[in-house]
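Colleague: Take a look at the letters that make up each chain.
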Amino acid sequence: MVENQNMIGTREVPIITLAQAGVSFGPVKALDGADLVIMPGECVGVVGHNGAGKSTLVNVINGRLSPTSGTVSYDGAPGVADFRNSHRARSSGVRSVFQELSLCPNLTVLENYRIPYRNMPKAGWRKNAASAVRASLDAVFPDNGIDPYSVVADLPIADRQMVEIAIAFSRRDIDARLVILDEPTSSLDGAIADQLLAYIKTFCANGGAIIFISHMMGEIFDVASRIVVMKDGRIIENDDASNFTRDGLVDAMGHVVPDTQDVANILEKREFGPEVLRMENGLNARKGEVVGLAGLAGHGQAEVLAQCFLERTSDWSASRAPAVVFVAGDRSRDGVMPLWSIMRNLSLQTLVEFSRTFLVDRKAERGIARTWHEKIGIKTDDLDNPILSLSGGNQQKVLFSRALASSAPIVIMDDPMRGVDVSTKKEVYRMIRSEAENGRTFLWYSTETDEILECDRVFVFRDGEIAAELKGEQITEENMLRASFEMQEAGQ
Amino acid sequence: MNREHLRILLPVLSLGILLAAVFYMQPRAMSYFGLNLLFNLAVPVALATIAQMMILMVNDIDLSIGSFVSFCACVTATFVQTDPVIGYGILFAAILVYAAMGAIIYARGLPAIVVTLGMSFFWSGMAVLVLPSPGGSAPDWLRALMTAKTPILPVAIIAPIVIAVVMHYFVKRSSLGVLLRGVGGNERAVARSGWSVTGLKAFAYGVAALFCVLSGMALVGLATSADANIALRYTLLSIAGVILGGGEFTGGRVSPIGAVIGALTLTLAASFLSFLHLSPDWQIGAQGAILIIVLAVRLVFTRREALV
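Protein sequences, first through last, are from chains A and B. Using the numbering used here, read the first sequence as starting at 1 and increasing by one per residue. Using the numbering used here, read the second sequence as starting at 1001 and increasing by one per residue.
Errors might be hidden in some of the hints.
Restricting the straight-line Cα-Cα distance to at most 30 Å, the calculated cross-link-like pairs of lysine-lysine (BS3-like) are [claimed, not checked]: (1) A:K231 / A:K363; (2) B:K1149 / A:K122; (3) A:K471 / A:K287; (4) A:K425 / A:K231; (5) B:K1149 / A:K127; (6) A:K471 / A:K231.
Label pairs and their computed distance ranges (CB to CB) [to be verified]: (7) A:D463 / B:G1194: 57 to 63 Å; (8) B:Y1032 / A:D143: 55 to 61 Å; (9) A:T357 / B:S1133: 56 to 62 Å.
Think of the hints as simulated: they come from the structure by calculation, not from any bench. Idealized CB from N, CA, C, for every residue including glycine.
Extracted from the complex, chain A is given alone in its bound form (with noise of 0.2 Å):
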């Protein structure tokens, strides 16, 4: 940091200075006085596990996002923070891969150029698009045989990232001059990405700038030249590359102090009972026991989830006695039902176990529903009340009871305490340990390290597969980090 402000006055202006920059969505603060410089040049790495900020120090810098406190300011101009910054970060050149595709599959490879392109020529366009497009797949991917008149939804994954990123490169009326990859290679094979590096190395050392954000350490080390590692919104470490180890750097990532009480309480020896699923990718799980599901998000847990619930539900009926039950994450989208009370939203799940004919049985309805409603602490004093009348983590209480009530000896949870409060989630904790003592068996996909650590047994998931199993004392946040973040060389 204070190596390249010294810098400031020997070389060109900085691209872009976050000072003291911070976000907060209420009283969450996703970014907390951030300060960073970025000069012609460079390649910042950006590292950091879940949750760290690091999609919200993007979007500050590429405008998407204004800062709540502090100041962004491009081009050494004046920092201001008001709703105008993603047309300055255009102005000065700043592009965007973002992690999630965003082209538009059903135009054409040339037409997606045409997209982020505001000031276009109108005359002849679809020619100098072409050309263009064409001019920048082959200096960033050479030899890649895309035709830049094809659909994108016909082309395979892979070509779709290249077009993606050749696409930021391109030529326009305002050159690209910071250009944010995000996870740019996680649909490239080795060969392709190794061009991709390359290319970097020359757009740097032709004086453009990079955020390279990558969950594979030995990219980070091949292209950065300095490297930025957050966590909690913070940007904790900010040096040269060549200051940095890989264990360094998985060290410096995450260091939580464990809950001493809460890792005694998990390490008492414990007996499972017989193998009660395994999947064709080797996660297995035995009867009674915590398995957790950890990784860097979006690297094919919930997916893995999806399919074995899927596998064991039929699309047609429900059963009176089903084998797994699944309690949604994102609570708006596959949990609750919004317009029904409370004792509705938690009787769903078991409306045909508790049934014997083909009426509802109102009474063990309500019976359930008062059983859960002591047992889990749900705080409302009608049960008749509408859902949406809970507090996020009581409505979440409500899913948990709805999957618990059940008499599934397997309970799938995806993510379930996203934007839950501490105090629900110990109680849930408790509940999840009472139940598998009591032979239920539960597969936990958790984005915190603290509800990792609850589990018997985890596996990490990297880029859809199983890249470790951990076991007892293994299960510690720097063996996960270990596991989620890609140690070999790059393109290996």
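With chain A fixed as given, assemble chain B onto it according to the hints.
Modeller: For chain B alone, kept in the frame of chain A given last:
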């Protein structure tokens, strides 16, 4: 572009087969006069189909096209005929209302299907207010335009070709058309690049309204009078036309040429069934059957594509 070509092949084939069948049964239809009779009612349908296509292109659907076209026809047969300034003023204001509706639908996140369904009652009501009982008359120039004796090809053939070519260049080739289709394909990507999606949607709705106005005028030019219910079935015809022409309900995948061909096919199907001496009671059902067959064939094609 292979998939695009395949997409347009099916509507062309279905129109060709239907046309061949009609000519086989009634060889005299293969003349200037015969073609004009077969297709002249296809012109307003084609215009309404293009309007629906503009809406489907931005991932919405418009259930008010039929009543809006009826309203436009009523205004054309009354105000445009007697008081041109007021008449065109009303039509222009209606286009602005449409554009505003598009902006509100996006800005407030409302479901287009509900808003347009509600608006369809509004337009129907307005149409009845303008023209309480069937009547009115077509402006002379409009009548002359729709019944002009053009050399070689009749108006009924020239008009759809012109509509298809102009819209193909606008939607498929122009850089503005790319943005509009981009809204249907990936709204977020368009918004992220700094475009106003609200503005683009409003524009798409405005263009749709313009085509509805043209459709209503063309209808009056052919029918010489109007009625508040004159075009109610256009809502479903236009949706069917777009889909028949290779368009899809979501994802910004539309084809103006296909949509016009789809409209022609639907009109022709009705004539074909009359030639078969099928009782009118069965015609609507038979028209539906033709639609189902074509869509089933397309499904087979697209499944095959997905597997490749």
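Colleague: I'd like to know which numbered hints this structure contradicts. Please list them from smallest to largest.
Modeller: Going through the list in order, the structure violates hints 1, 2, 5, 7 and respects the others.
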